[in-house]
Amino acid sequence: MADEKDQGLHSPFRRKLLMGMAALPAMTMLPRTSFAQAPATAAVNTTGLAVTDTEVTVGILHSITGTMAISETGSVQAEKLAIEQINASGGVLGRKIKFIQEDGASDWPNFAEKAKKLLVNDKCAAVMGCWTSASRKAVLPVFEQYNGMLYYPTFYEGLEQSKNVIYTGQEATQQIIAGLDWVNKTKGAKSFYLLGSDYIWPRTSNKIARKHIEGHLQGCKVVGEEYFPLGHTQFNSVINKIKLTKPDVIYAIIVGGSNVAFYKQLKAAGIDLSKQTLLTISVTEDEIDGIGGENIAGAYACMKYFQSLDNPNNKAFVAAFKKMWGEKTVIGDVTQAAYLGPWLWKLTVEKAGSFDIDKVAAASPGVEFKGAPEGYVRVHENHHLWSKTRVGKAKLDGQYELVYETADLVEPDPFPKGYQ
Amino acid sequence: MESPRFLSRSDVIGLAALALLLVVILPLSLDVFRLNLVAKYLTYAFVALGLVLCWGFGGILSLGQGVFFGLGGYGMAMYLKLEASSVENTKIQSTPGIPDFMDWNQITQLPLFWQPFHSLTLTILAILIIPAFFAYLVGAAMFKRRVGGVYFAIITQAIAAILTILIIGQQGYTGGINGITDLRTLKGWDIRPDHAKVVLYFVEVAFLFGCILLALFVRHSKLGRILVAMREKEDRVRFSGYSVANFKIFAFCLAAMFAAIGGAMFTLNVGFMSPSFVGIVPSIEMVIYTAVGGRLSIFGAIYGTLLVNFAKTSLSESFPQLWLFGLGALFIAVVLIFPNGLAGIWRDHVQPLIDRMINKRKSGSDHHNGKSFGPIADGAPAE
Numbered sequence: 025m026a027d028e029k030d031q032g033l034h035s036p037f038r039r040k041l042l043m044g045m046a047a048l049p050a051m052t053m054l055p056r057t058s059f060a061q062a063p064a065t066a067a068v069n070t071t072g073l074a075v076t077d078t079e080v081t082v083g084i085l086h087s088i089t090g091t092m093a094i095s096e097t098g099s100v101q102a103e104k105l106a107i108e109q110i111n112a113s114g115g116v117l118g119r120k121i122k123f124i125q126e127d128g129a130s131d132w133p134n135f136a137e138k139a140k141k142l143l144v145n146d147k148c149a150a151v152m153g154c155w156t157s158a159s160r161k162a163v164l165p166v167f168e169q170y171n172g173m174l175y176y177p178t179f180y181e182g183l184e185q186s187k188n189v190i191y192t193g194q195e196a197t198q199q200i201i202a203g204l205d206w207v208n209k210t211k212g213a214k215s216f217y218l219l220g221s222d223y224i225w226p227r228t229s230n231k232i233a234r235k236h237i238e239g240h241l242q243g244c245k246v247v248g249e250e251y252f253p254l255g256h257t258q259f260n261s262v263i264n265k266i267k268l269t270k271p272d273v274i275y276a277i278i279v280g281g282s283n284v285a286f287y288k289q290l291k292a293a294g295i296d297l298s299k300q301t302l303l304t305i306s307v308t309e310d311e312i313d314g315i316g317g318e319n320i321a322g323a324y325a326c327m328k329y330f331q332s333l334d335n336p337n338n339k340a341f342v343a344a345f346k347k348m349w350g351e352k353t354v355i356g357d358v359t360q361a362a363y364l365g366p367w368l369w370k371l372t373v374e375k376a377g378s379f380d381i382d383k384v385a386a387a388s389p390g391v392e393f394k395g396a397p398e399g400y401v402r403v404h405e406n407h408h409l410w411s412k413t414r415v416g417k418a419k420l421d422g423q424y425e426l427v428y429e430t431a432d433l434v435e436p437d438p439f440p441k442g443y444q
Numbered sequence: 003m004e005s006p007r008f009l010s011r012s013d014v015i016g017l018a019a020l021a022l023l024l025v026v027i028l029p030l031s032l033d034v035f036r037l038n039l040v041a042k043y044l045t046y047a048f049v050a051l052g053l054v055l056c057w058g059f060g061g062i063l064s065l066g067q068g069v070f071f072g073l074g075g076y077g078m079a080m081y082l083k084l085e086a087s088s089v090e091n092t093k094i095q096s097t098p099g100i101p102d103f104m105d106w107n108q109i110t111q112l113p114l115f116w117q118p119f120h121s122l123t124l125t126i127l128a129i130l131i132i133p134a135f136f137a138y139l140v141g142a143a144m145f146k147r148r149v150g151g152v153y154f155a156i157i158t159q160a161i162a163a164i165l166t167i168l169i170i171g172q173q174g175y176t177g178g179i180n181g182i183t184d185l186r187t188l189k190g191w192d193i194r195p196d197h198a199k200v201v202l203y204f205v206e207v208a209f210l211f212g213c214i215l216l217a218l219f220v221r222h223s224k225l226g227r228i229l230v231a232m233r234e235k236e237d238r239v240r241f242s243g244y245s246v247a248n249f250k251i252f253a254f255c256l257a258a259m260f261a262a263i264g265g266a267m268f269t270l271n272v273g274f275m276s277p278s279f280v281g282i283v284p285s286i287e288m289v290i291y292t293a294v295g296g297r298l299s300i301f302g303a304i305y306g307t308l309l310v311n312f313a314k315t316s317l318s319e320s321f322p323q324l325w326l327f328g329l330g331a332l333f334i335a336v337v338l339i340f341p342n343g344l345a346g347i348w349r350d351h352v353q354p355l356i357d358r359m360i361n362k363r364k365s366g367s368d369h370h371n372g373k374s375f376g377p378i379a380d381g382a383p384a385e
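Residue numbers (this note's numbering), protein chains in the order written: chain A, 25 to 444; chain B, 3 to 385.
Isolated chain A, as found in the complex (with noise of 0.2 Å):
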């Protein structure tokens, strides 16, 4: 009795003919709207890319496991919630996103075999993705070749820029220069200890800070310039130099699980940041969950967006991320640039009324997101965004209270003259 019913079931043909009959009720669900105005996919898709009448596949590309999972994850959780929220307000073009997810395991090599695999195989119309600048070099070749979309939620160094990727945070100089302008102006800085990471990102944003500082800024100058290897944790000589140059202000850009080390070391040596003036670009809501605001507290760091960001649309973004991920997650600049992701494609897609990549990467110079938590933000014709830079100092509480913010938005310059 119950074999009969289960090979009827297998029949493929009856099957699909059951599946479209129970499909035929929700249909009439769906909202008049999203038919109404859903263009005919032909229309929409003349490159074959898996887009149908009501679904559009995107993918995501972060690391979940090794070494960068830590700070991939709030990335991935802000492209789903943006995910959710534009598939509740009716979709793209009238159709639903679906996303592929694929682990790049902090392993480049491995980025560029998924970015590849969401690009042939799943032919995704968009993919969100990477954060480390080795992943990103990694991946950059395939997204030009296959001709994909690829949004970039990292700060990063700049020195790129390509049809094929919407960089959605910071590149260095809008990072960099006006944190120097304004720590020179309120704490009358002059002197800087250059502190990094040893690789690119930290080396350049130290060349473009010196090149500022010396160039720029009246009677400044630099008095050191170190850098670590990644997953360093003895900071103890560097600590000591510091004592003895006596620096205005520290510029710090560590990375990772170093920055926990680092901050303990300086608090351990008595380096008192209440006192001492100390800059990042690196240390967002996230870091200081590992570090621990107790030892970070009176530091400024200077990017663009801070949880604590008092404005209607952060204030609904954080209770909706808390809301699908938990009371006790923080949001640092890079989770709210990835959350700007798939909203700027949404936004894109529709100006240019086609899912194709070659129009969607032609109509983002222009795109304007009202509805961005850090405020207005808009693209530039060199993929990057204009966008506001701002200073916070942490508190105990391991949030960032704002201190100063730009009155307009910093253009963005990945290849800026005179700081090569």
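Incorrect hints may have been included.
To be verified - To give an idea of the interface, some chain A residues facing chain B are shown, with a C-beta separation under 10 Å as derived from the structure:
(1) LYS122
(2) GLN125
(3) ALA129
(4) ASP131
(5) VAL144
(6) ASN145
(7) ALA158
(8) LYS187
(9) THR228
(10) ASN338
The set of hints was computed from the structure by calculation and includes no laboratory data. For each residue, glycine too, the CB sits at the ideal point set by N, CA and C.
Given chain A's structure and the hints, the job is docking chain B onto it.
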């Protein structure tokens, strides 16, 4: 039999089966994307093959094969990068005509050691000779002083760590942790499109068969027998008048050369090279491929590499959150239950079954020893 003397009948069958799989079945059944993945996996098979020679036969466990893989890969990457960095392609830089990462690091002139990599001939020579020469230096320093076993493994691991740190630290000259990326053409021939990937796959398979034949030749030669004898009882070989160190150095150099060829093919197939293939973790992974395949078996190593990498890819695609646990379980299962790897399973379970079937048909008329992996594979290693 017509086959050359160094090939036993089971070798010929093994070669034919592998050729059937790599030349016919996989290219016909997989799309270009998956075939390119297989090409990537097979680059590790070169390393695994070298490890069978020096670890399985010679008993020299190297945990630093990533060094040679990396040297070969970087050699090829340097050539391709120079070709991609023509003045015209890099006119946006402050110094056009040098690789982009050098420009980012304020280097204004191509360093001297990059110069030879303008020439493809010199590059190929460098890929074959530099890793082998480096292995010779390491081997000579170690084996002549009778350093072996665990100490040798530790030292190779240290070398892998040193080279990674060197590459990451000297980012102006090496591309640092990002590696050398955005490689485009080989002598003007674009390596990125699908048809190029297919061509590269077959070239790689051809090289792999060349290396397998060489490995089989070594195994059946007097040299191979001395290697095994050394593994079992080094002192007796020494007392018999053989220079143990020289044989070990040779096996180590050959393994290094195989790894370097794999590395160069990796760069061509994947399109970039980075320090994450040089360090300790990838080196150990390569040993695991060999162990899963069966370190005493030349063919086993290749199947082991393919199996582990297939598992890695498919597990991570299906279970992005849990795949590492699955992979870990696979390794533990293999080591616990099948210490001789895939080759052991074949020899102990599948081969006897086939033999029985054949023997039933023509009882005794065509007697052969029924040992799939030759005399060397059969002796359980004494350790």
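ask   = Can ASN338/A be said to touch chain B, with a Cβ gap under 10 Å?
value = violated, 29 Å
Residue hint THR228/A, partner chain B, criterion CB-CB below 10 Å = At about 6 Å, which falls below the 10 Å cut-off, the nearest Cβ of chain B leaves the hint on THR228/A intact, so it holds.
query = When the nearest CB of chain B is found for ASP131/A, is that gap smaller than 10 Å?
reply = Interface hint status for ASP131/A: holds (6 Å vs cutoff 10 Å).
task = Verify the interface restraint on ASN145/A: the C-beta must sit less than 10 Å from at least one C-beta of chain B.
result = holds, 6 Å
request  = Using Cβ atoms only, decide whether ALA158/A comes closer than 10 Å to chain B, and label the hint accordingly.
outcome  = holds, 4 Å
request  = So, LYS122/A near chain B? Judge it on the closest CB pair being under 10 Å.
outcome  = violated, 15 Å
Satisfaction of the VAL144/A interface hint, Cβ to chain B closer than 10 Å = holds, 4 Å
query = When the nearest CB of chain B is found for LYS187/A, is that gap smaller than 10 Å?
reply = Status violated, d = 14 Å.
task = For the hint on ALA129/A, just tell me whether its beta-carbon gets within less than 10 Å of chain B.
result = holds, 7 Å
task = Return the status of the interface hint for GLN125/A: holds when the least beta-carbon distance to chain B is below 10 Å, violated otherwise.
result = holds, 5 Å
Hint violations for this structure: numbers 1, 8, 10, all remaining hints satisfied.
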